[in-house]
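One line per chain: the protein sequences are A and B, in this order.
This note's numbering numbers the first residue of the first sequence as 1 and each following residue consecutively.
This note's numbering numbers the first residue of the second sequence as 1001 and each following residue consecutively.
Think of the hints as simulated: they come from the structure by calculation, not from any bench.
Estimated spans, in silico, between C-beta atoms of each pair:
hint, chain 1, residue 1, chain 2, residue 2, range
1, A, Gln306, B, Phe1020, 55 to 61 Å
2, B, Glu1337, A, Ser27, 57 to 63 Å
3, B, Glu1318, A, Tyr139, 30 to 36 Å
4, B, Asn1297, A, Gln18, 53 to 59 Å
5, A, Ser27, B, Met1125, 45 to 51 Å
6, B, Asn1297, A, Pro141, 15 to 21 Å
7, B, Lys1033, A, Met15, 55 to 61 Å
8, B, Phe1026, A, Val100, 36 to 42 Å
9, B, His1170, A, Arg239, 37 to 43 Å
Sample of chain B residues facing chain A (criterion: CB under 10 Å; computed from the structure):
hint, residue
10, Gly1175
11, Asp1203
12, Ala1274
13, Lys1279
14, Glu1291
We put the CB at the ideal spot given by N, CA and C, even for glycine.
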Amino acid sequence: MSLLSVRDLTVKFAMRDQTVTALNGISFDLAKGERLGIVGESGAGKSITGFSLMNLLSRPGYIDSGKILFEGEDVVQMNDKRLRNLRGNRMAMIFQDPMVTLNPVLTIGQQMIETLMAHRKLSREEARQIAIVKLREVYIPSPEERLEQYPHELSGGMRQRIIIAIALLLDPQLIIADEPTTALDVTIQADIMELMLELCQSNQVGLILITHDLGVVSQMTERTLVMYAGRIIEAGRTREIINDPQHPYTQGLINALPQQTVPGQRLKQIPGNMPGLASIPAGCAFNPRCKYATDLCRSRVPEIVQYGEVAVACHEVQRLHSDEDRQEARA
Amino acid sequence: MSDAKKDRPLLEIKNLEKRFDLDHGFLETLKFKQGRVVRESRSVHAVNNISLEARKGEALCVVGESGCGKSTVARLVAGLLTPTAGEIHYGGQRIDNLSRGAMQPLRKKIQMIFQNPYASLNPRMTIRQALEEPVRHHYPSASAAEVRDKVTEVMLSVGVDPSWAKRYPHEFSGGQRQRIAIARALTVDPEFIIADEPISALDVSIQAQVLNLMLEAKESRGLTYLFITHDLSVVEHFGTRVAVLYLGSVCEVADTATLFSSPKHPYTRALLSAVPQLKDDRPNHIRLKGEIPTPINLPTGCPFQSRCAFADARCKSEKPKAIHQPDGSMVACHAVEEDRLDAVAAG
Chain A
1 MSLLSVRDLT VKFAMRDQTV TALNGISFDL AKGERLGIVG ESGAGKSITG
51 FSLMNLLSRP GYIDSGKILF EGEDVVQMND KRLRNLRGNR MAMIFQDPMV
101 TLNPVLTIGQ QMIETLMAHR KLSREEARQI AIVKLREVYI PSPEERLEQY
151 PHELSGGMRQ RIIIAIALLL DPQLIIADEP TTALDVTIQA DIMELMLELC
201 QSNQVGLILI THDLGVVSQM TERTLVMYAG RIIEAGRTRE IINDPQHPYT
251 QGLINALPQQ TVPGQRLKQI PGNMPGLASI PAGCAFNPRC KYATDLCRSR
301 VPEIVQYGEV AVACHEVQRL HSDEDRQEAR A
Chain B
1001 MSDAKKDRPL LEIKNLEKRF DLDHGFLETL KFKQGRVVRE SRSVHAVNNI
1051 SLEARKGEAL CVVGESGCGK STVARLVAGL LTPTAGEIHY GGQRIDNLSR
1101 GAMQPLRKKI QMIFQNPYAS LNPRMTIRQA LEEPVRHHYP SASAAEVRDK
1151 VTEVMLSVGV DPSWAKRYPH EFSGGQRQRI AIARALTVDP EFIIADEPIS
1201 ALDVSIQAQV LNLMLEAKES RGLTYLFITH DLSVVEHFGT RVAVLYLGSV
1251 CEVADTATLF SSPKHPYTRA LLSAVPQLKD DRPNHIRLKG EIPTPINLPT
1301 GCPFQSRCAF ADARCKSEKP KAIHQPDGSM VACHAVEEDR LDAVAAG
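Given only the sequences and the hints, what does the whole structure look like? Please build it.
Structural data, given as structure tokens:
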């Protein structure tokens, strides 16, 4: 049985004059210890997916329909007591900005010990010892001293390590990381990525990594979901998606990266912008920006279907593929 | 114009320094130490003895991690900050000590694009007002019709629909706003553009659009760029020359192709190896120990020594000078100078 199974999850936001659909029937599974990447641009619904999994959406957002089965139990139906047991204990979340997650007026030690004592029957000293072990696991030098420090006394990379240590405190089954390295410098990002990978592998912890950075996804995850305007438009093994993307949007996203073009040449840009949630076009949401769009694309939403190694939501994937073959043959 | 003047770079930065004082006024400088009151003023050493050049038509990229002083360099060149020491020359003229009035004609030649298009456009001005204001200011004799024509022409050239002119910034997406910010910089026909992280706040597909726009403007208008960024893949694509900054000092300056094919400074090597790659599994990521030290109390010697695997006694005591390499790059590193780097790697 998979660790997490999301079925037809639909999330809506009730605004004053209308209700918009932020997630439109998304489904995916995550096996125990598996690392899954969710990529997309701002507004695609990737963070909303992360929040929904922990049932953390607050008004005006709400889960309209669908199931989120975590170890067989539906998160959507859980009462507050069950949710408290779920959050932190079995599922933990890491955010982009560690300064927002950490309480600035409590020491690192207070925050870690408090969390442990709230969830487990432990004495203060036992909790302190566990906190020190966890800080050591994330390679924090002299952890005993760090426990006495406040978040502002630490650097950005150090804070993100502490966030990871806190996420791992209660040995969760799944970590949801929302842009965990976006605010960090590249050399620090490389360190944090290595650390997360190592911890997930050695502890058999599942990871859902939400990011806009295809390079990060490529190095961290086994499977990837690509999201666009509230839907999953491509899903499959990360390697396959990076090396041989099928959906025109995924192709565009990868081709738009500067390293995909000879230096100094025009980048292969995707025209236009992602539509706002209130003005998603009829049919495939990507159709106004897609050079392969047909009348069918403008009228009917494509279902996500298996195509070769990956699942794709595109009416024209077959035609596109033969087009590519022709290009390859010519080259 | 003499030949000597023609050969001079458009922008020359000589031994530039900038310190920001942390303790303002007499009272703040008083500190209580070991039972005595002492006077001590601390300052952030943001830029330390930097020398750079940009020739006409070049795109000089300045890269580095947060706190390395790259934005301070941009602001110093734009005249938004006054250097503590050193000189900035533009087109053969010294510009860092000019009065407001004397700086005016240069403001037309040197324009700046900022990172955050949400903050750099006045929310209470329509797009037309925002774009017309610089033209009116720099061409006071232009008629209303001439100003309007100029603005419309620039809007068309950067892909801003002239029918948007009556709208306000909040009605546009980040990418569209950055186009408008670029249009505003181009309305006064500048020669030199300082761009401080112009695409960092944008989504990937929009980044490509804006970068293409800046490349087009470079070719059609013969612009010279000072491009500040932390994103090395953008540098490789956009820059003709690159300066790598660390803690306010230049580590390495080289042609883009040279820097990416044979990086020399240990920091440049680590930086390049840390970029997440799309297709290979990062076989040799060079792990740096520790993090960037604070620029308040700079270590003596090489600024990078605390994280460098090659640091020795000399690196701790003596700050390395930038030395010319056979392939034309400039590298400030004792280990490179003494040829210790590859010896260690081989051993």
